[in-house]
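Enquirer: Sequence:
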Amino acid sequence: MLNINCLLLRLTLNCGLLLLTTSTVYAQTISATLEGRVTDSSGAAVPEAVVTVVNTATGASRSGGSSDQGEYRFALLPAGEYTVTAEKGGFSRQSKRVTLQIGQIASLDFSLAVGAVQEQVTVEASAEVLEPTRTQVSTVINSNQIVNLPVNGRQFIDFVLLAPGVSIGDTTSGSTDVIVEPVTKISFASQNIHYNFVAIDGADNISTASGIQKTTPSQEAVQEFRVINAEYSAMFGRAVGGIVNIITKSGTNQTHGSLYSFFRNDALDARSILQPGNKTLEQYQFGGSLGGPIRREKSFYFLNYEGQRRMEAPFYNSFILSNIARINAAKANFGLPAENLNVLRDSNFDNVLGKWDHIVSPQHSVSVRYFFNNARFANVSPLNDGFDLPSAFKNNDLEDHSVVGNLTSSFSSTLVNELRAQYARRSFDFPVVSTQPHLEVANTFAIGVNRGNPDFYKEPRFEIVDNVTHVRGGHTWTFGGNFNWVRTTESFPLFYPFEATFASLNDLINGTPFVIFFQRFQAPTFMEPTINRSVYLGGAISEAVRNQAKGVLTHTYDGLFIQDKARITNRLTMNFGLRYEWETWPAKALNNDLNNWDPRVGFAYNAGGGWKAVIRGGGGFFHGTIPSPLLACQIPSCGGTLGKFPTREAKEDDLNATTRLFAFASAPFITNLALNNLLGRPNLLNPTPSNGTYPDAVRAGAAGCPSGFLSSCGFFGDAVIVRFARDHQAPLAYQFGTSVEIEPYPTWNLTASYLRVRGLRLGSFLNVNQPRPSGTQVLHNSNGQTGPKNTYFCPAAICGVPGLPGTANPNFAVYFEADSQWDSVYDGMFLTLGKRAGRYFGMNLSYTLGKGLDNGPNPSFVLIPQDTKNLRAERALSADDARHRFTGNATFSTPATFPKVTRNFMLSTILTLESPHRFTKFAGFDANGDVFGVNDRVGIEPRNTFVGDSLKTLDLRLARSFSIDERTKLEFIAESFNLFNTLNVRFFNTTYGAEDFCPFNPAAAGCVARSTNREGSPNPAYGTPRAIFNPRQMQFAVRLSF
0 MLNINCLLLR
10 LTLNCGLLLL
20 TTSTVYAQTI
30 SATLEGRVTD
40 SSGAAVPEAV
50 VTVVNTATGA
60 SRSGGSSDQG
70 EYRFALLPAG
80 EYTVTAEKGG
90 FSRQSKRVTL
100 QIGQIASLDF
110 SLAVGAVQEQ
120 VTVEASAEVL
130 EPTRTQVSTV
140 INSNQIVNLP
150 VNGRQFIDFV
160 LLAPGVSIGD
170 TTSGSTDVIV
180 EPVTKISFAS
190 QNIHYNFVAI
200 DGADNISTAS
210 GIQKTTPSQE
220 AVQEFRVINA
230 EYSAMFGRAV
240 GGIVNIITKS
250 GTNQTHGSLY
260 SFFRNDALDA
270 RSILQPGNKT
280 LEQYQFGGSL
290 GGPIRREKSF
300 YFLNYEGQRR
310 MEAPFYNSFI
320 LSNIARINAA
330 KANFGLPAEN
340 LNVLRDSNFD
350 NVLGKWDHIV
360 SPQHSVSVRY
370 FFNNARFANV
380 SPLNDGFDLP
390 SAFKNNDLED
400 HSVVGNLTSS
410 FSSTLVNELR
420 AQYARRSFDF
430 PVVSTQPHLE
440 VANTFAIGVN
450 RGNPDFYKEP
460 RFEIVDNVTH
470 VRGGHTWTFG
480 GNFNWVRTTE
490 SFPLFYPFEA
500 TFASLNDLIN
510 GTPFVIFFQR
520 FQAPTFMEPT
530 INRSVYLGGA
540 ISEAVRNQAK
550 GVLTHTYDGL
560 FIQDKARITN
570 RLTMNFGLRY
580 EWETWPAKAL
590 NNDLNNWDPR
600 VGFAYNAGGG
610 WKAVIRGGGG
620 FFHGTIPSPL
630 LACQIPSCGG
640 TLGKFPTREA
650 KEDDLNATTR
660 LFAFASAPFI
670 TNLALNNLLG
680 RPNLLNPTPS
690 NGTYPDAVRA
700 GAAGCPSGFL
710 SSCGFFGDAV
720 IVRFARDHQA
730 PLAYQFGTSV
740 EIEPYPTWNL
750 TASYLRVRGL
760 RLGSFLNVNQ
770 PRPSGTQVLH
780 NSNGQTGPKN
790 TYFCPAAICG
800 VPGLPGTANP
810 NFAVYFEADS
820 QWDSVYDGMF
830 LTLGKRAGRY
840 FGMNLSYTLG
850 KGLDNGPNPS
860 FVLIPQDTKN
870 LRAERALSAD
880 DARHRFTGNA
890 TFSTPATFPK
900 VTRNFMLSTI
910 LTLESPHRFT
920 KFAGFDANGD
930 VFGVNDRVGI
940 EPRNTFVGDS
950 LKTLDLRLAR
960 SFSIDERTKL
970 EFIAESFNLF
980 NTLNVRFFNT
990 TYGAEDFCPF
1000 NPAAAGCVAR
1010 STNREGSPNP
1020 AYGTPRAIFN
1030 PRQMQFAVRL
1040 SF
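If you count the sequence shown from 1, position 308 lands on 307 in numbering that gives the first Met the number 0, and the numbers rise without skipping.
Derived from the structure by calculation, the hints contain no laboratory data.
Please note that the accuracy of each hint is not assured.
[As the list claims (entries may be wrong)] Lysine-lysine pairs mimicking DSSO-like chemistry, simulated, CA-CA at most 27 Å apart:
no., residue 1, residue 2
1, Lys643, Lys951
2, Lys850, Lys968
3, Lys184, Lys297
[To be verified] Distance windows between CB atoms, simulated:
no., residue 1, residue 2, range
4, Gly353, Ser426, 35 to 43 Å
5, Gln154, Pro998, 41 to 49 Å
6, Ala266, Leu320, 20 to 28 Å
7, Asp396, Asn341, 21 to 29 Å
8, Phe897, His474, 50 to 58 Å
9, Glu527, Lys850, 47 to 55 Å
10, Glu965, Ile567, 19 to 27 Å
11, Glu965, Thr553, 26 to 34 Å
12, Phe1041, Asn143, 32 to 40 Å
13, Asn347, Leu910, 29 to 37 Å
This one's a predicted model, so the numbers in the text were calculated from it and none came from an experiment.
For every residue, glycine included, the Cβ atom is placed at its ideal position computed from N, Cα and C.
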């Protein structure tokens, strides 16, 4: 035993030294802490009492002694049920049973009576509901909720939405996210969806390429998880928003398992108002789990498999449904095939989880977990739901592999170490279903190849974590480190084959875009004159194009922390901590940001009294990681081939692209010629084209173009879609919060909390080559108030062929630079009421009143500021702002003693009520004359003033179980999601269709006489639904557990 201890201690110290000298830390704790006091019947401390904790499921045990003050503490205990015994000579032994949850700091006191040790008193007990020494503001989603509550699609991560301060994120509403992950996007405290951290068994589960969590294990494999809104210890990092900490199930001394099948079809479902002719939906989810001992009280296994087969009819924007004949007529004019709205979407996957836990000795335990997911999706929408037509859909084949190993070592009752390592690999193949050109009616719908997503990415990851906990007197010291290495390989043919953006459906029919973007691939000049028009009728993008538009980016993110948790008095606990985090990048990419120090302090005061009140609070600095989805795009496509922007050489990084992007804007007559020549359609300049021709290769003497080529009849130049500022800083948040928690009745808790989050150094984009303002216009907001707005050069739609605008560099059409100068602020109040689940009833209610403001931090280049010279105009309510949100969940069960007809039923429900999100009112064309038109707003209207729809939904589950024998149960389940079929609109069409609000300025570009549409809009689709949440859907299941 001594040799094992020495070997493991040496391994731990060596790994700790490596981390302290080369890397980082954020301790994603996957365990719990148990602490308390041992006293005699008079309340006096009992020192040197022996306290033993035994895991009732595995038999694993640890022992320690009480201090001179009678205090004891056990760190890094796996979540689960325990028997805890306190004993000392001259006193009766006392045992208590307690259940510990992930991340919990549980308090369990003993009062020993004088007597013989052999006299044992056993007490049924629970740890303090209120956790009087926990400083963080968090919510535990326990196994009872995971198993019994109705969740649509069995994506357990959706349970995070039950916590206060959390909502479905709309960060990229009105645009596309850089990579569409098939998971729920979550916003904490109205912050950007890319600023969260999700850990599974303590290991990082965030995709660096997308900034969103990767695939998670099935609901059946998850034991519980903790949702952390505000963390004032220094153990957690990498999150400006929130933290989700998940642990998977393990085997025990008893063999247990399950077989289950969930199925649904459209027979009992309500029809969506946004479905075409059919409402097809068929889904089958099936699987099983098995866990038990390999060797009792020594070694254990757990296995889970789950598969899904789903086929459904997609939903479409109401504008698309109303105008599909006109859209197909326009496509026919371009020689493109018609859209078929009756295609079906497939969502299939298979995943496997295997876990081995081994107790090496009473001091050391090992856990190894492997997770594999293989998913096959067909006809996926790469934009926000409802925006695109089937020709813009993509297929998605993804694989996730991860291996996580964890070694926990208790070298003494006061010194514990946790060593963890992960190797993960992801392959995300996202090919288009067709290579038709991207034709978009601005802010309304799109057909053809989507511009916003890579064609594939691959991402291997290696992670190592080490954390040491040392208890000394009234202090618990924790320190450690983490190293995370990631390599992202990404193919991003951004504007292939080309993109044309139109101001309206009529302009699409007439073939008159206001801007055209395209991409060239033939190095070194990238000036090939033509493109084979057969590409427009192809399927997936060729391997040659994918490989040309490919780049590799390697980086690490690292950190260190030290923390002291001090028991100042029996009632007051303080946390004092310091984190240091940094990232490393290739020499040509970003400067390494090395000054990210995060001091934090937190407190918990046990005020006691009849309601056992606990007051918590704290504050600190929190650094996240630099959003890198578009940094990975710089090398394949986005960064340009001409180098840095003149006069900003010292500001920008050195990553040039391997392909070249161009933009062209002009009068309708000219852009029509450019479009027809790109498509290879007969036109005035070329009656018999054999291929598509780029604008700068089209001879246009007949059109009177100055250079003799069509490109000189407009605004033509390179398009740099993202060039990162070399000194781009990591996002930073200041957090401050306080809460009061009481226990009005046993097993009940009521909490009131306040949280303030101030986000700084947030990342986004701006056009550094936006033309110099040529004047101002006096325009209106939706209330009729007037104000100035910069204009650049006369829009082509009004003035015909414009003169070249006064850009800082005429070689570039647009030049978007990514920097960290955006910010946000959130103030929120949370109220929660919980009843710990008993034999027949459990419930949790939460209410959030919050307000989020920002100036548009966003990873999408589509949502850049409309006026680089007036960034103050971007400040508005956040797209993720959810002013009021209420969630309630409950479980009710009937006992086995009831009459046969009514016994063994369980009813569970989730109720969600949320006030409307807000969206931006877009003009729908280049209203300010800067070439880029999809970000232009109406008049002087701020961002996010269109008030959306409130969310009201009730999900219900009814189950009944039948006992086959003592250990085997068969359960039948019926579930309804959105039981009352409430229409909940997710996104709206917010394209107003004019440069100003027509009731106040009827002469504004785009306005028509006597419009009766909403707010006087000339667009009849303005304010109509673009996407909705699910209508009523039914699901049935059968489950065998043993």
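Enquirer: Confirm or reject each hint.
Expert: Taking the hints in turn, this is what the structure says about them:
1. Lys643 x Lys951: violated (50 Å)
2. Lys850 x Lys968: violated (47 Å)
3. Lys184 x Lys297: violated (40 Å)
4. Gly353 x Ser426: 35 to 43 Å: violated (20 Å)
5. Gln154 x Pro998: 41 to 49 Å: holds (45 Å)
6. Ala266 x Leu320: 20 to 28 Å: This hint holds: roughly 23 Å between Cβ atoms.
7. Asp396 x Asn341: 21 to 29 Å: At 23 Å between Cβs, range holds.
8. Phe897 x His474: 50 to 58 Å: holds (53 Å)
9. Glu527 x Lys850: 47 to 55 Å: holds (52 Å)
10. Glu965 x Ile567: 19 to 27 Å: With a Cβ separation near 50 Å, Glu965 and Ile567 fall outside 19 to 27 Å, so the hint is violated.
11. Glu965 x Thr553: 26 to 34 Å: violated (56 Å)
12. Phe1041 x Asn143: 32 to 40 Å: violated (19 Å)
13. Asn347 x Leu910: 29 to 37 Å: The hinted range 29 to 37 Å holds for Asn347 and Leu910, with Cβ atoms some 31 Å apart.
Comparing the model with each earlier hint shows violations of hints 1, 2, 3, 4, 10, 11, 12; every other hint is respected.
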